[in-house]
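Engineer: Those protein sequences? They're chains A and B, same order as listed.
Here the first sequence is numbered in this note's numbering, starting from 1 and rising by one per residue.
Here the second sequence is numbered in this note's numbering, starting from 1 and rising by one per residue.
Any given hint could be a false lead.
[As the list claims (entries may be wrong)] Some but not every residue of chain A turned toward chain B, in silico, with C-beta under 7 Å:
(1) T40
(2) P44
(3) T105
(4) S148
(5) H149
[Unchecked claim] Distance condition first, Cα-Cα at most 27 Å in a straight line; then the derived DSS-like pairs of lysine-lysine:
(6) B:K7 with B:K258
(7) A:K47 with B:K258
(8) B:K228 with B:K144
(9) B:K67 with B:K144
(10) B:K42 with B:K102
(11) B:K218 with B:K258
(12) B:K144 with A:K54
(13) B:K314 with B:K228
(14) A:K47 with B:K314
(15) B:K150 with B:K397
(16) B:K150 with B:K7
(17) B:K102 with A:K54
(18) A:K54 with A:K23
(19) B:K102 with B:K258
(20) B:K42 with B:K7
(21) B:K144 with B:K42
(22) A:K47 with B:K67
(23) B:K263 with B:K218
(24) A:K47 with B:K150
(25) B:K67 with B:K7
(26) B:K258 with A:K54
(27) B:K42 with B:K150
(28) B:K150 with A:K54
(29) B:K144 with A:K23
(30) B:K218 with B:K228
(31) B:K218 with B:K150
(32) B:K42 with B:K67
(33) B:K135 with A:K47
(34) B:K102 with B:K67
(35) B:K144 with B:K263
These are calculated hints, taken from the structure and not from any lab test.
Virtual Cβ for every residue (Gly too), placed ideally from N, Cα, C.
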Amino acid sequence: MSVSRDDAANLVSRACTYLDEEKWSAFLGLCDPSFCYRVTVRSPEIKREMVWFKEDYTGLEAMFSVIPEHLRRIGTLFRHTAIGSVEAAGEDSAIIRSTFQCIHTDLEGRSRMMAAGRYIDDVGSTEQGLRLFNRETRLETRDLGVGSHVPI
Amino acid sequence: MPSRNAKSWAAAPALPPTHYTQGDIYRDEAVFEEEQARIFEKIWRLACHESEVAQPGDFRTLEFAGKPLVVVRGLDNVVRTFLNICSHRGARIVHEPAGNMKSMSCFFHLWRYDLTGACTAIPRSEAYETQRLDKSGLGLREVKTEVRNKLVWVNLDDDCVPLAEYIGDALEAFEHVLEENDLEVFTYQQATIDANWKEWQETNLDLYHEYMHVALRKTQIDPSAMNKRELRVYPNGHIRGGGSGYSANYESYDGWEKREDSKALRGLTASDFRFTHIFPCSSMNARGTVLRISTFTPLNAHQTRIEWRGMSPKSDSPEDWEMRTEHYNQYWGPFGRNVPEDLVAAELCEWNFGPGAARYQIIAREEGMRGQDDGFLRAFYQQWSTMMGRLASQPMKSQ
């Protein structure tokens, strides 16, 4: 059974909502145990592909567990997405390409765009439902200001 | 202890004038303009690594002290730097951050310059003859450039001291690392933050703030070795940390693995942690397997742009590249555990100093230039005072 566009959109949307709300366990609940998350970007300065973040499921679990101990920029992140294509990559899997804008809102309610880019998600049907197997967050933005302790 | 009223809050700390800074230093526009002229237009600043301009014609652009620069390796193999400004109408000539070119041609009226900065072509130049304007006097403005330990340094001051004299021995902890490892830039990032440049540099020089970083608390701070940690200060405000008492056990942080000595850069062990800051805005940091070059550019009194280069051996296998990328990102990447915290800390200081709400910073820790002594900060502000002709505790008062 192929992955429907609605199911794909729902998965991407829920993943963003959980990250926005910092419900880390719920986000990981959308991921297969083999999940890998990468943030990539090309540098015109050194003419190279770069990886700015890479963690597997276990690494993300460990990272999320220590987030409360870290000093972080005050405010919230909001991920606005638009689903582009949903291409079948097998009987029960697909590649979803979305665009996103990640917006930071400070405590006084002022919003400022932090990053723009694309999500390239490998998803597949499992017994638990549609799950993320791989996410590449491909950044257009290269100056992220103070950066982030959490995945975009 | 009692709280303070407005008068005592506004009073200068009861400390030697070298042991605190006064808040106007972070916010006053006139101070900022003077810093540009008296510091940034006089000092040697790291522009890039030589591998970024490895071949004749390779160039790299940057902004510094409010000026656009282009570093280029000439066809004669000499690395030169020019203001990236056409002599004709002031337009930006080279737009890309990096690339290769045979000559520099301005998009506007096609004035052309060779890689030595000489103006070589002006279309229909005969119209300038009545004013005796000749291309021999219309070359680009060249900026002092020196290459040392494979690092390219620039200085806007035609009368500056030689780079070797400016740096002295301050890079001694890194010279062999830079020379023995055939390095290239494997990752690059920049961040523009809302903070005065000194608020940013203070986070780099303040060892006492280590406690702010969870990752440092878990991997690096050894109270029993604190008094072994020596702070070394060099002439011209350069500083160095490293050696005995500076080491890290990365496996102490949840999810991180031990770094293997076999993967360390030549001249380092995997647990080595060392850094050198060349006054005021160029730095080297090593964490065993990875080396980072940092620079920054003050944009205005309230904004600073920081650049970081991660360095790796050119001979790295794909597996080693992946390992080094991971190690670099753990601390220093834009999603790392340390750098975002330092950037946030600088911005949070700016929140209070920017509008003038905070009045003073105390830099009075004394531990015999060991441990978490504020000696690096005092050395930095001593050099600032020398170049600015006033104390950092009295920034509005010229001496």
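Engineer: If a hint holds in the structure, say so; if it doesn't, say that too.
Structural biologist: A quick look at each hint next to the structure:
Given the 7 Å rule on beta carbons, the hint for T40 (chain A) is violated: about 11 Å separates it from the nearest Cβ of chain B. This hint holds: P44 (chain A) has a C-beta 5 Å from the nearest C-beta of chain B, less than the 7 Å allowed. Among the interface hints, the one on T105 (chain A) is violated; its C-beta lies about 16 Å from the nearest C-beta in chain B, farther than the 7 Å criterion. Evaluation of the S148 (chain A) hint against chain B yields a held restraint, the C-beta minimum of about 6 Å falling below 7 Å.
Hint on H149 (chain A) holds. Least Cβ distance to chain B is approximately 6 Å, under the 7 Å limit. For the given pair, K7 (chain B) sits about 53 Å from K258 (chain B) by alpha-carbon distance, which is inconsistent with the 27 Å threshold. Taking the CA atoms of K47 (chain A) and K258 (chain B), the gap is about 31 Å. The hint is violated against a cut of 27 Å. Straight-line distance between C-alpha atoms of K228 (chain B) and K144 (chain B) comes to about 40 Å, which puts the hinted pair past the 27 Å bound.
Of the supplied pair hints, the one linking K67 (chain B) and K144 (chain B) holds, its CA atoms being roughly 14 Å apart against a limit of 27 Å. For the suggested pair K42 (chain B) and K102 (chain B), the alpha carbons sit about 30 Å apart, so the restraint of at most 27 Å is broken. Proximity of K218 (chain B) to K258 (chain B) is assessed by CA-CA distance (about 13 Å); at most 27 Å being required, the pair is judged to hold. Taking the CA atoms of K144 (chain B) and K54 (chain A), the gap is near 40 Å; set against the 27 Å cutoff, the hint is violated.
A threshold of 27 Å between alpha carbons decides the hint, and for K314 (chain B) with K228 (chain B) the separation of about 35 Å lies outside it, so the pair is violated. Between K47 (chain A) and K314 (chain B) the CA atoms are separated by roughly 15 Å; this keeps the pair inside 27 Å, and the hint holds. Of the supplied pair hints, the one linking K150 (chain B) and K397 (chain B) is violated, its CA atoms being roughly 40 Å apart against a limit of 27 Å. The straight-line distance between the Cα atoms of K150 (chain B) and K7 (chain B) is roughly 53 Å, outside the 27 Å bound, and the hint therefore fails.
Of the pairs offered as hints, the one joining K102 (chain B) and K54 (chain A) is violated, with about 39 Å between alpha carbons and a cut-off of 27 Å exceeded. With a C-alpha separation of about 19 Å, the suggested pairing of K54 (chain A) with K23 (chain A) holds against the 27 Å cut-off. For the hint pairing K102 (chain B) with K258 (chain B), the CA-to-CA distance comes to about 47 Å; that exceeds 27 Å, so the pair is violated. For the given pair, K42 (chain B) sits about 39 Å from K7 (chain B) by alpha-carbon distance, which is inconsistent with the 27 Å threshold.
Our distance criterion of 27 Å between C-alpha atoms is met by K144 (chain B) and K42 (chain B), whose separation comes to about 11 Å. A C-alpha spacing of about 23 Å is found between K47 (chain A) and K67 (chain B), which places the hinted pair at or below 27 Å, so the restraint holds. At roughly 22 Å between alpha-carbon atoms, K263 (chain B) and K218 (chain B) fall within 27 Å of each other, so this suggested pair holds. Of the pairs offered as hints, the one joining K47 (chain A) and K150 (chain B) holds, with about 19 Å between alpha carbons and a cut-off of 27 Å not exceeded.
Simply put, K67 (chain B) and K7 (chain B) have alpha-carbon atoms about 42 Å apart, too far for the 27 Å limit, and the pair is violated. For a cut-off of 27 Å, the pair hint linking K258 (chain B) to K54 (chain A) stands: about 17 Å separates their Cα positions. Our distance criterion of 27 Å between C-alpha atoms is met by K42 (chain B) and K150 (chain B), whose separation comes to about 22 Å. For the proposed pair K150 (chain B) and K54 (chain A), the alpha carbon gap of about 30 Å is over 27 Å, so the pair is violated.
Straight-line distance between C-alpha atoms of K144 (chain B) and K23 (chain A) comes to about 53 Å, which puts the hinted pair past the 27 Å bound. Restraint check for K218 (chain B) and K228 (chain B): the C-alpha separation of about 19 Å stays at or below 27 Å, so the hint holds. Proposed proximity of K218 (chain B) and K150 (chain B) is contradicted: the alpha carbons are some 34 Å apart, above 27 Å. The hinted pair formed by K42 (chain B) and K67 (chain B) meets the criterion: a straight-line CA distance of about 13 Å does not exceed 27 Å.
The hinted pair formed by K135 (chain B) and K47 (chain A) fails the criterion: a straight-line CA distance of about 34 Å is larger than 27 Å. Proximity of K102 (chain B) to K67 (chain B) is assessed by CA-CA distance (about 23 Å); at most 27 Å being required, the pair is judged to hold. Only pairs whose Cα atoms come within 27 Å are accepted, and K144 (chain B) paired with K263 (chain B) is rejected, the gap being roughly 37 Å.
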